Amino acid sequence: MTDFLVGAALIFTGGLAAIFTGEKVKAWVFFAFAVVAQFFALPPVFGTLLNGGQLVMPICFSEPIGTAYLRLDPLAALFASVTSVGALLTSIYSIGYMKMYRGQRASLSSYFFFVGMMSASMLLLEIAQNAILFLIVWEIMSTSSFFLVAFENANDEVRKASLYYFIAMQAGVAFLIAAFAWASAASGSLDFSSFAAVLGKHDSVSMLLFVLFFLGFGTKAGIVPMHTWLPRAHPAAPTGVSALMSGVMIKTGIYGILRILLLSGIPDYRLAYGVLVVSVITGIFGVMNAIAQHDIKRLLAYHSIENIGIIGIGIGVGMLGLVYRNPLIAMLGFFGSLLHVLNHFTFKSVLFYGSGVVYSQTHTRNMDNLGGLSKYLPLTSLMFLIASLAITGLPLFNGFISELAIYLGLARGLSSGSISMVVAALFGFSGLAFIGAMALLCFTKVYGICFLGLPRTKYHVEPNEKERTLLVPMGILTAVIVGIGLLPWIAIELLKNVVMEFVPALTPDQFVPITGIFRTISASLVALIGLTGLLFGLRAFLLRKRKVSEFKTWDCGYQVGSSRLQYTSSSFAQPFLHLVAELVPQKIQVEKQPVLFPKEASLESHTQDISERFIFRPSIGILNKFLNLFSWIQSGRMQQYIMYGLVFLVALLIWILGIK
Amino acid sequence: MMAAAIAEIVVLISTLFFVGLIAKVKSVWAGRKGSPVLQPYYDFFKLLGKGEVISTTTSPVFKIAPSIGIAATFFALMIMPIPVFGSVIHFEGDFVLFAYLLGLSKFLMVLGALDTGSSFEGMGASREVTYSTIVETAFFIVIGSLALLTRHFSFETIFASVNLASGFSPLVKILLVVSLFIMLLAEGSRVPVDDPNTHLELTMIHEVMVLDYSGPDLAFIQYTASLKMTIISILIADLLVPPSFSLVAACALSAAIVTIVFVSVGVVESLIARSRISHIPQFLFLMTTLSLTSFAIVAFFLFGVIR
Chain A
19 MTDFLVGAAL
29 IFTGGLAAIF
39 TGEKVKAWVF
49 FAFAVVAQFF
59 ALPPVFGTLL
69 NGGQLVMPIC
79 FSEPIGTAYL
89 RLDPLAALFA
99 SVTSVGALLT
109 SIYSIGYMKM
119 YRGQRASLSS
129 YFFFVGMMSA
139 SMLLLEIAQN
149 AILFLIVWEI
159 MSTSSFFLVA
169 FENANDEVRK
179 ASLYYFIAMQ
189 AGVAFLIAAF
199 AWASAASGSL
209 DFSSFAAVLG
219 KHDSVSMLLF
229 VLFFLGFGTK
239 AGIVPMHTWL
249 PRAHPAAPTG
259 VSALMSGVMI
269 KTGIYGILRI
279 LLLSGIPDYR
289 LAYGVLVVSV
299 ITGIFGVMNA
309 IAQHDIKRLL
319 AYHSIENIGI
329 IGIGIGVGML
339 GLVYRNPLIA
349 MLGFFGSLLH
359 VLNHFTFKSV
369 LFYGSGVVYS
379 QTHTRNMDNL
389 GGLSKYLPLT
399 SLMFLIASLA
409 ITGLPLFNGF
419 ISELAIYLGL
429 ARGLSSGSIS
439 MVVAALFGFS
449 GLAFIGAMAL
459 LCFTKVYGIC
469 FLGLPRTKYH
479 VEPNEKERTL
489 LVPMGILTAV
499 IVGIGLLPWI
509 AIELLKNVVM
519 EFVPALTPDQ
529 FVPITGIFRT
539 ISASLVALIG
549 LTGLLFGLRA
559 FLLRKRKVSE
569 FKTWDCGYQV
579 GSSRLQYTSS
589 SFAQPFLHLV
599 AELVPQKIQV
609 EKQPVLFPKE
619 ASLESHTQDI
629 SERFIFRPSI
639 GILNKFLNLF
649 SWIQSGRMQQ
659 YIMYGLVFLV
669 ALLIWILGIK
Chain B
4 MMAAAIAEIV
14 VLISTLFFVG
24 LIAKVKSVWA
34 GRKGSPVLQP
44 YYDFFKLLGK
54 GEVISTTTSP
64 VFKIAPSIGI
74 AATFFALMIM
84 PIPVFGSVIH
94 FEGDFVLFAY
104 LLGLSKFLMV
114 LGALDTGSSF
124 EGMGASREVT
134 YSTIVETAFF
144 IVIGSLALLT
154 RHFSFETIFA
164 SVNLASGFSP
174 LVKILLVVSL
184 FIMLLAEGSR
194 VPVDDPNTHL
204 ELTMIHEVMV
214 LDYSGPDLAF
224 IQYTASLKMT
234 IISILIADLL
244 VPPSFSLVAA
254 CALSAAIVTI
264 VFVSVGVVES
274 LIARSRISHI
284 PQFLFLMTTL
294 SLTSFAIVAF
304 FLFGVIR
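For the protein sequence lines, the chains are A and B, in the order given. Reminder that position 616 of the first sequence reads as 634 in the numbering used here, one-by-one numbering, no gaps. Reminder that position 76 of the second sequence reads as 79 in the numbering used here, one-by-one numbering, no gaps.
Any given hint could be a false lead.
[To be verified] Cut-off 30 Å, straight-line C-alpha distance, at most; resulting in silico cross-link-like pairs (DSS-like, lysine-lysine):
| id | chain 1 | residue 1 | chain 2 | residue 2 |
| --- | --- | --- | --- | --- |
| 1 | A | K563 | B | K66 |
| 2 | B | K176 | A | K565 |
| 3 | A | K617 | A | K570 |
| 4 | A | K117 | A | K476 |
[Said to hold, decoys possible] Each pair of labels, with its calculated beta carbon distance range:
| id | chain 1 | residue 1 | chain 2 | residue 2 | range |
| --- | --- | --- | --- | --- | --- |
| 5 | A | L505 | B | G307 | 56 to 64 Å |
| 6 | A | N173 | B | H282 | 40 to 48 Å |
| 7 | A | F648 | B | G307 | 58 to 66 Å |
| 8 | B | K176 | A | F632 | 41 to 49 Å |
| 9 | B | L289 | A | S438 | 21 to 29 Å |
| 10 | A | G534 | B | K176 | 28 to 36 Å |
| 11 | B | G307 | A | A523 | 26 to 34 Å |
None of these hints come from the bench; they were simulated from the model. Here the structure is a predicted model, which is why all the values come from computation and not from measurement. All C-beta atoms, glycine included, are put in the ideal place defined by N, C-alpha and C.
One chain only, chain B, in its complex shape:
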């Protein structure tokens, strides 16, 4: 548990680095030099030192939302096992708390957006919650497949035994990893679901929700967003790193996987444009389909239909 706590602190510190990595990949891909990889850290500390402009329309919900968001995401990270190290908080059914803590953070952020009374921000909020209905359902199907496969009901024990489970074929592995990657793109508001770079588009989701935040609150929000992405990328690492690895090898492999995931996000963003709003649900339903397929494969395998 102590080791897990230290590992999670490392994640807390390094999370902004990965956001910088995405930007760097995109710049290099476009043939630019780009901003330094540590730029998100500079931005973060700069914002912490700024004052704020708060809309007169708002209520206390607006002010407290970023703090709750960051705290809830922090505890979601505490539930998330780091490969080989395990997690700080674990109990049977902890994945429900994990998903619902992210839900709590989302609920408050959406209220924060609606609190400004702006139709722009309402639009983003409405889209955010709409798409999360698809993603959340698919996420529970992913968890369902893993629970079926391992017969465990806690993140830590699920991921400790998933690589040893006999039904965990490479096909299932690929399907689950791709599902989680789609979830990362959706929850992290990245292309093709959302474009974090366009600030004045009617088509964006997450960025438009936070238009009226400034100063420390904005720093909190940006940190929360990057932490959320890192958490999902660690989920992918959890799936792939076998528990038999030594400490050093596991650390190296997980760091490599997380890096690859974020580089892939950058590559995806360089290669394709954001989808039309009406096409986003179709993209997200892909996650549902993939996770259902993996569930079916696991079930068929366990009940002897496939051998």
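Isolated chain A (complex conformation):
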């Protein structure tokens, strides 16, 4: 346990040390500390993950906190492993990526300082099991990430986004403070383990507490409709941070939900259905909005919402399995969602890192200006393609494995004896299929528009990938993506203990059938690769004596015009968005000269998030009106404020005297 804390402290110190070093070595200093930290943090983490059990350490704080317990159990270890590795990869990535910002000494210092602080706080968060300590660390995490989102604060958009993020986080933590305060008051202790008595009671209090926790943690995770901060904050942050936020930080929300679930024991059936339904809606809503985006990072942010939905579906399935005393369904649900946590970290980080490479070379995030990048950035585009296939859940890669487990859990739910479960399972089953099909649309769009075809606008500097430090973290994660995709039983070994924490009724040999399924899949997929190779060889063999010529795209003989004529991301998404126009409303503005042969015309389309338009804007409007009623208190006149002080003192005097 001490090792783990040393690891967290080293990452923080790395950020601190970077402040005092020269501009060119800052990134290397932080990287060195992050590497050393792994040697301390990872052994206890993987030890716990693979062997089970838990490490405990009490720390005595002064009174409001009291004795706080730090516990590293398999669940915490899973999230800690992702956090630790994520911090390391971001530190590697930052070496190359932050070169863009040289000459701004102060902001570079603040970048590394806050990255270190955010990573260290996330590591602490996962082991802190005392309500006050947890909330303090939670706030440190939110605040440090706020400073990172506000990194390019000279830009007006970024300032707005970071403030929006800050307010959303404070709104979310309000739910958490209420929930933790209530739970502590009811249980008489600040320690998480004592909450079990309150949360496991199955009365209205435990239900309400769970809902409060779900809202608070859900805001961090990006559960619809509390997701609106994600598509603003992710694009605003520097790419290394976007990857860290999307791959790791939003998972702390999932971690919180899982932790509360673990304390609740067998959940109430209404909560289980609620989580499943909300998650399906989150998934569908996330990917639908992603399809409509032009900004590549904004699109990826919406995809995080989708993946949180898939993780949530798995959690919902697991909860239903617990409710109906079916350990197999529970196992499949939890296994799928936990593996998807890990998987989403891998492919979403690769996608963000890739978009960062694109941004650093082209200085645009608008997909409609990109195109043909696979010729300039072959390695990036290959890894981006693999991650795109993985996030779509296609076989050969890891996304398929976690989705398969969730599908299997849902399918088993279909054979349960309860009609409500059957209907819910079908909702999840078809919902997941719908999400998958939409993700296919979305990622053929991203990859096809950005990396294939021809550049839609001329690149002023020819893009290149000479900066190898940007590719290293992508390469490591791509290897994991392919590894889990082809050898999926590794994931069982890794997650066995975490799943058994959730489903105590499970015996290790109940994993055997799943391992068998995974082995069959693995064999088929290897054969698939072999057959593809064989066919490609056959093609080469057939063509060896034939003429293979290269020419312009035939396109039915229509070869006039420029590369601007290519299909854009908006036009690619248009048929689908037309189908779901009510759910993803678009504003389209066309400007055309009112002459017979107009030379110039322009078309702009903007998408609106309906939850923002119909939930947040009206409710904030009402809140504003209500609070305006009290605006006279803050008049700006000094005399009035002095009077408040006087009134307060008099009231205090009366109260104290009155008590006596």
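Following the hints, put chain B in place on chain A, whose structure we already have.
Quick look at chain B alone, frame taken from chain A:
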């Protein structure tokens, strides 16, 4: 398993015949003599022997896409049980791998289309993925109904027991068969969703995606398309052939069903025109509705609402 492998090889060989059958039905219906039923085979081998013209715009994705497409569809066939024979690859949840392998093939084909940088092909690609969102969801509802009905989670065991399940009424059977037939029309790019004969229309989907392919690659693509249709028609046969049939009777019946399915595709193409693009989603939503209805009937039956 050996027998299943042999049966699947027979399917692999005969699949192009059925495409020829559609063309023949259409010619006969129109009062023409038409090309021979084996014409797709001649085309296939002719294309294999040709050279290629490859667009300078493209990347390696364009070249490898047809090979991956055909390999993925091949493994989807291996998962697909042949009536009475069963399948080569089967495990719990294999239908997910089946659907996602077809998805993999689609993903690569769409990228191949976008790789040419042509707005025509982009248009087709965009439509293809849009419509597949509807079809794929409905397909999982079909699988959901079958899993609910049989309480099995693998294609092989589902279809081995579906005809014995007590809730498998003729009504459910008809609904599922019609849903799958719509899926076949959509995935196989046939009328009324798409018209494989019009080459220069802005309204087509699959054919426009492959405009820039030639030679062996085009042969691969055409073979993949026909294999996909055959797979779905075998799915229909799986639903209808009872497992109690003897080997010969089952073979005859499945061959007859697949033939009838393809003749029906030809008849549909002769009778109606391709829908307007804006009407296609409505047609595809029919599949969703039918599959949901069949699910509801099965659920009501199993939980005793209907007797």
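We went through each hint and held it up to the structure:
no.	hint	result
1	A/K563 / B/K66	holds (17 Å)
2	B/K176 / A/K565	violated (52 Å)
3	A/K617 / A/K570	holds (27 Å)
4	A/K117 / A/K476	holds (24 Å)
5	A/L505 / B/G307: 56 to 64 Å	violated (45 Å)
6	A/N173 / B/H282: 40 to 48 Å	holds (46 Å)
7	A/F648 / B/G307: 58 to 66 Å	holds (60 Å)
8	B/K176 / A/F632: 41 to 49 Å	holds (43 Å)
9	B/L289 / A/S438: 21 to 29 Å	holds (28 Å)
10	A/G534 / B/K176: 28 to 36 Å	holds (32 Å)
11	B/G307 / A/A523: 26 to 34 Å	holds (29 Å)
Of the numbered hints stated above, those contradicted by the structure are hints 2 and 5, listed in ascending order.
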